[in-house]
Amino acid sequence: MTYDFPPLALILFFPALGFLFNLFFGRRYGRSTVNVVGPAAIFGAFAVGLWAFVRLLLMPAGGALGVVLWPWIEAGAFHTDFGLRLDALSGVMTLVVTGVGAFIHLYSVGYMEHDEDYARYFAYMNLFALSMLLLVLADNLLLMFVGWEGVGLCSYLLISFWYTNPQYAYNGRKAFIVNRVGDAGFILGMLTLLLALGSHGVMTLNFTQLRAHSALLSTAVATTAALLLFLGATGKSAQLPLYVWLPDAMVGPTPVSALIHAATMVTAGVYMVARLSFLYRLAPQAMDVVALVGCVTAFFAATIAIVQTDIKRVLAYSTVSQIGYMFLGAGVGAFASGIFHVMTHAFFKGLLFLCAGAVIHALSGEQDMRRMGGLWRRLPVTYATMLIATLAISAVPGFSGFFSKDLILEAVFTSGHWWLWILAVVTAGLTDFYMFRLIFMTFHGECRVEPEKLHHTHEAPAVMTVPLIVLAVCSTFGGLVGLPKGLLWGDAFGRFLAPVVGTFKPALEASALTLGGCAGLAGLAGIALAWLFYLARPELPENIAASLGALYRLLAGKYYVDEFYNLVISRPLFWISTFVLGRAVDTMTIDGFVNGTALSAEESAQALRRVETGNVQFYVLVYLLGAVAVAAYYVYLVIR
Amino acid sequence: MNHFNPGALDILWLPLVPLIVVAVGAVVVLLAGVRVSDDDSEGLGWIALAFLGAALLFTLPLIGQSSSTAFAGAIAIDNYAAYFEITVILTAAVTVLMSLEYAPDFRLAGAEYYSLLLFAALGMMLMAAAGDLIVIFLGLETMSIAVYVLSGLMRQDPRSNEAAMKYFVLGAFSTGFLLYGIALVYGATDTIKLGPIAAALAGAKGGSPLLLAGLGLLLVGFGFKVAAVPFHMWTPDVYEGAPTPVTAFMAVGIKLGAFAAFLRIFLVYFGAAATHWNQVLWVIAALTMTTGNLVALVQGNIKRMLAYSAIAHAGYVLVGMTAAGAQAGSAVLFYLLAYAFTNLGAFSVVAALERRGERRDAIADYRGLALSHPGLAALMVVFLLSLTGVPPLAGFVGKFYVFSAALNAGYVWLTIIAVLNSVVSAYYYLSVVVVMYMTEGEARPIAVQAQPGMVAALALSLIGTVMIGVYPGPYMGAASSAFKSALSHTQVSSRQLKLRG
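For the record, the sequence lines run as chains W and F. Numbering follows our numbering, with no gaps: position 390 of the first sequence is 397. Numbering follows our numbering, with no gaps: position 59 of the second sequence is 325.
Same shape as in the complex, but just chain W (with noise of 0.2 angstroms):
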């Protein structure tokens, strides 16, 4: 079944020659070098991902590419190899990563041409590549982790790529500790499944191997593992409870969002959670879970997006919002559906960060949509292709988040959880409202730019056009693989997962029509009140905001979460840490040491003394205390 492909170990050859190269020489080599370095390592790996994906679809079904590049972890029972495999899943993950990675590449050459720190950041965006591609390719979850911690530290490197500013570090630095909460999952879910194989005799964590055998999990294990692994996702794909990160990181260069927060990284939990889609079957419960989970970040962050002001945040939300959709999907057991729609939302989600790229770039940084308005004749371009980006993510009929979109809720309603897909369909109603909102609040009404900003404003060079074209041609086109059933080719990429990830077998019958209908209708009822609120009442929003203030502070101020965690987590152990171990602890006791550090000659005595007759004495009566406990237990033993 699997063919030895050596040239596999090239797609992730290129992204690490790439980097190390812009790392280390590429501010000697200048920015022309750069330019073209930069996407040329993702363009080599695309292409070579072609290769591998033509001779993956000239096999048999069922089929997949490997190779071992060396046998990396051996302890005593417990063996693991530095692996790669190349299946339907993982083919369509490299396609899209190296793809649309290829033209975000391209257009960052375009967006960072003032940027004096050029070398940097495309060192980390071919870093970036790298451990994607490591996450996407490993044939095994412990390989899958190093891909996991690498995309983590690359988007820390990003979000805080202009680092001078300390909002900008502070939102890195939240990004990475929200995602260290995830990583303990994803490892205590990895431990756990080697654990209980483990006491089988099986000890591996090569997914082949781990499918063959996951017959030996009982039920609670597998709901065990299977529910870590997920909060593991919920960190990486930002879902409740740990989404915070996600809009926080928006202050990145917007290729970073677009590629890292949009298109790739943060789809890396749908994507596990397909590839282990044989350990979730095992655990129904903690597939609810998953569903209720998505269908509920779905909604909590359309409703979040509708009052934002700032268009990359509107794109934030709504990133969290569409992979809860993606999970949603993946719950009710249609994986392709959900690894279907991480492709078409890695187009158009994409190319809508590219969009918002070039206008920001048009109005020297500009980013809130009050101050927008009237652009679409001035930027024709970028207003056509972020018009086609948002009718696919708004599920217009023939575009591709439609196919996608669809396939979701048709699963969700047969597999006969319609409460949630109640909840589904009016968070479609939502996404239509905010995107186009986004949409009448930028290109469309009149022109609210401050002049001085006006003055610049011109449409992007041809190196960041091209890129929007191609994703809006992909936008387009890209669902027509997986067309509703009995239609032409029918769900062609569904058939083509299925070796993988399985097929979804509905619960009961309904008509595709009258659910796609209902759908419609929502989305048809959101682009119309759009239209109403804020082209032709503008004044609309502001009297029903007032009039609903509660409401709207609560939303605006996105449910207060981050606010909540600070209260409940972070205060509570800094002040454990500052004031009982910190203060009682370690000051209290040592301060007069502390205060040695700016001694002079003179006083050095005075500090000698305080040591003999102070400090010293604490110290021993700790060491004591220690020792009596421990003898204490002692004499318990002897005495029980």
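There's no promise every hint is true.
Stated by the list, open to error - A short, non-exhaustive set of chain F residues, derived as facing chain W with CB atoms under 10 angstroms: (1) P496; (2) H498; (3) M499; (4) H542; (5) K665; (6) T681; (7) G739.
Simulated from the structure, these hints should not be mistaken for laboratory data. Note that beta-carbon positions come from the ideal geometry of N, C-alpha and C, so glycine has one too.
Chain W is already provided as a structure; the job is to place chain F on it using the hints.
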């Protein structure tokens, strides 16, 4: 009762050659340094390095030999001893490399410095090869007394004086505990040999109050040397006050030596009677990790921060010890190796930035380091990430092995505490990265020239940290064969006991 029997003195010099070479080296350095001024001690460093290199060569024939003993059981010959001896020699070598420019710069008395360094290394190696309690004690004192002096070698610096004073007073105190523990164990079992003591502990005498009291005191004594909470109070003061290369040597070498003996006694020999001690260790491990990490969060001095980090890492090792068993043993040995390279690297960066008359060890001194010294900053990031446990660096693989060993042994809660702790630790390690990369530096940063010794020390640490992380297979293999070779002693001795019985 085992009376002294000259016929049983199986004299075998070969396993002692590395130790003898190091001891001779210490004396040679001391004699050669009589007329060398403090400004000009680099040559003495090279002499010390040459002897360490020779000692390393002489350890190689010891690898892979079947486990046996010499000198009536006083010296153990096995891969376990070789594993620790090699690690100690490498640690001492990196410390010497780090000191080649540092020692003259801070006017450390060269002859005494390198000589004491070698004597301390000798003590550590002796603890690794010791087969009975008296030799362990001998090694421990050889090491400790040398390090007491080393930490006070900056005679003009009150902080260095203070460090030496505190370490000495507290060290003497804890030595008392350890020795009393040894005495009680001897009183209870009539022997200083580990095999028979283990048999007594596992056998009918296991519940004897005298023996258990001795066991508890041994735990306390070793707890001090490895800086476990609540016997850790000396660590931050001494680490901060001592010259930075000495701090590195203490943070890595003392832990290696002390854990070599600690693990051999408890994990190898007393492993069968783990229920007598691992509940105490459970609590100490949890306390050690948590206190170390939480207090590290609020440190403003990088050496203090690394001191608390070292405490936390001792806690992770204790997690592995608590788990007991062969898997845990190999994991812990591997962890110590990974820890050694990573920590040596971090301290090398700290030492590289220090200049005469001016300690630069406040975290605030690292502001803007990425711009003024991009190479050093990047190296520091690698070492800090390894300490955090980020793949594919050594620290990650070490934690992975230790935590999975603890899970396999059923210590779920302790593992959860350990994982949560390593999450917390990310914060203070990364804030150094933030300071280096994301804050403005001073207007005129101090220029650090690339000096050959320091470059070599950094390169060795980097290679270790990355290689062990990316390709851990052979190192894990070495750790596991080392632990197995030590375990085979216990099987031999129990067989002998059966034969006698």
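Evaluation of the provided hints:
The interface hint given for P496 of chain F is met, as the beta carbon of that residue sits about 4 angstroms from the closest beta carbon of chain W, less than 10 angstroms. Among the interface hints, the one on H498 of chain F holds; its C-beta lies about 9 angstroms from the nearest C-beta in chain W, closer than the 10 angstroms criterion. Because the smallest distance between the Cβ of M499 of chain F and any Cβ of chain W comes to about 4 angstroms, under 10 angstroms, the interface hint for this residue holds. This hint holds: H542 of chain F has a C-beta 7 angstroms from the nearest C-beta of chain W, less than the 10 angstroms allowed.
At its closest, the beta carbon of K665 of chain F sits 9 angstroms from a beta carbon of chain W; the interface hint therefore holds under the 10 angstroms criterion. Interface restraint check: T681 of chain F against chain W, minimum CB-CB distance 7 angstroms, threshold 10 angstroms, status holds. At a threshold of 10 angstroms, the smallest CB-CB gap from G739 of chain F to chain W is about 5 angstroms, leaving the interface hint in force.
Hint violations for this structure: none, all hints satisfied.
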